[in-house]
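**Student:** Sequence:
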Amino acid sequence: MKRKSFIAFMMGIVFLLIAVLYSTYNSQPSGASGLKTDYRLLGKTLYKLDISWPKYTEHFTGDVFGVAVNHLAGLVYVAQRGNDIPKVLVFTTEGDFVQAWNTTNLEMPHGIFLADPSTNPSVWITDVGTGRYGHTIKQYSPSGKLLQVLGTAGTAGSGMNPLQFDQPAEIFIHSSGEIYIVDGDGGMNNRLIKLSKDLQVLWMHGEKGSGMAQFYIPHSVAVDNYRRVWVADRGNKRIQAFNSETGDWLGSWGSCFTDDAPYSVRLTPDQKYFVVVQLNTNQISLLEAPSVGAIGQCKVVSVIQLAEDIKPHLVDLDLKTGALYVAEIGAQQAQKFTPFTMGGPQ
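Under the UniProt record's numbering, think of the first position of the sequence shown as 1, with each following residue one higher.
Honestly, the hints are just simulated from the structure, not real lab data. Built from N, CA and C at the ideal position, the CB exists for glycine as well. Relax, there's no trap hidden among the hints.
Now the in silico label distances, taken between C-beta atoms and shown as ranges: (1) T281 <-> N225: 24 to 34 Å; (2) D270 <-> E245: 15 to 25 Å; (3) T258 <-> A307: 20 to 30 Å.
The calculated DSBU-like cross-link candidates involving lysine-lysine, where the alpha carbons are at most 30 Å apart (straight line), are: (4) K237 <-> K311; (5) K55 <-> K320; (6) K36 <-> K272; (7) K197 <-> K272; (8) K320 <-> K299; (9) K44 <-> K320; (10) K208 <-> K311; (11) K48 <-> K272; (12) K320 <-> K48; (13) K272 <-> K237; (14) K237 <-> K44; (15) K272 <-> K44; (16) K237 <-> K299; (17) K197 <-> K145; (18) K311 <-> K48; (19) K237 <-> K36; (20) K320 <-> K145; (21) K44 <-> K311; (22) K299 <-> K311; (23) K55 <-> K145; (24) K311 <-> K36; (25) K299 <-> K44; (26) K208 <-> K237; (27) K320 <-> K36; (28) K36 <-> K48; (29) K197 <-> K320.
All chains should be modelled from the sequences, with the hints used to inform the complete structure.
**Tutor:** Laid out in structure tokens, this is it:
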């Protein structure tokens, strides 16, 4: 009897040790990754963290502010800030490190966008620095060669001919070649500007305030398949929508952002959801995207609640796979989330 009790006791100890080891293993990043991975899912499960991306993290040496994905080439561009560090890191979508841009003409990157991936890809970066290279938007080749500069380098301004910026926050380039810019990130300007492919001003909203079509620190911009322009109006804790052809105001969403402002706005490839980042509450929210017609009220479907002090800033999505990439200032890293189905991540 005593022997049976002893065996049962030892088996209990073994099962307890296995449970502890299993729990420890599943709470740690896999492989060589040193990413901070704490998060919770609230609401509908739409994304799961890919803890294997990137394969190595020692390349992150600054504050990570933006990400841009070339879904056709399978590349992810990560913009980071800091002294004496490469301002852009390039990874594959599988997590391999490709190269770093040791450019000297990029002062303080903020927003980054991959344009025209199918025929002539280029990387556009907004520079909010206040030194000799700042207050500009720069276009680079995929390998980091500077192609052109919009704005007057080193000089803040509000001019339209020639174009001037004051800490431009983000740029979005439609497949038509039309350009949308939100300017600026806390400077004198609070503008949404639409440019033609040849850089002519087509329309603009540029009044500071909290009324219709007014802005206070417009921080991110995206265009949907119904040609509506969506702006994360950070200072006013809302998202505003506009007709991309006429610039007419279509409405705003504010009820979803009472706790913290929207910092970034992007759409999933199927156009079903908006991906919205809230930096101070460390959240990535997925909102139901309205079809053509009235935009209605905002509705949160799912939330990725990150750990404290991760500070997500801007996001981008892989238009081929739907994978979500997040630039995280506080954690000094970029992370990848993959779409989730009942069968598991795809």
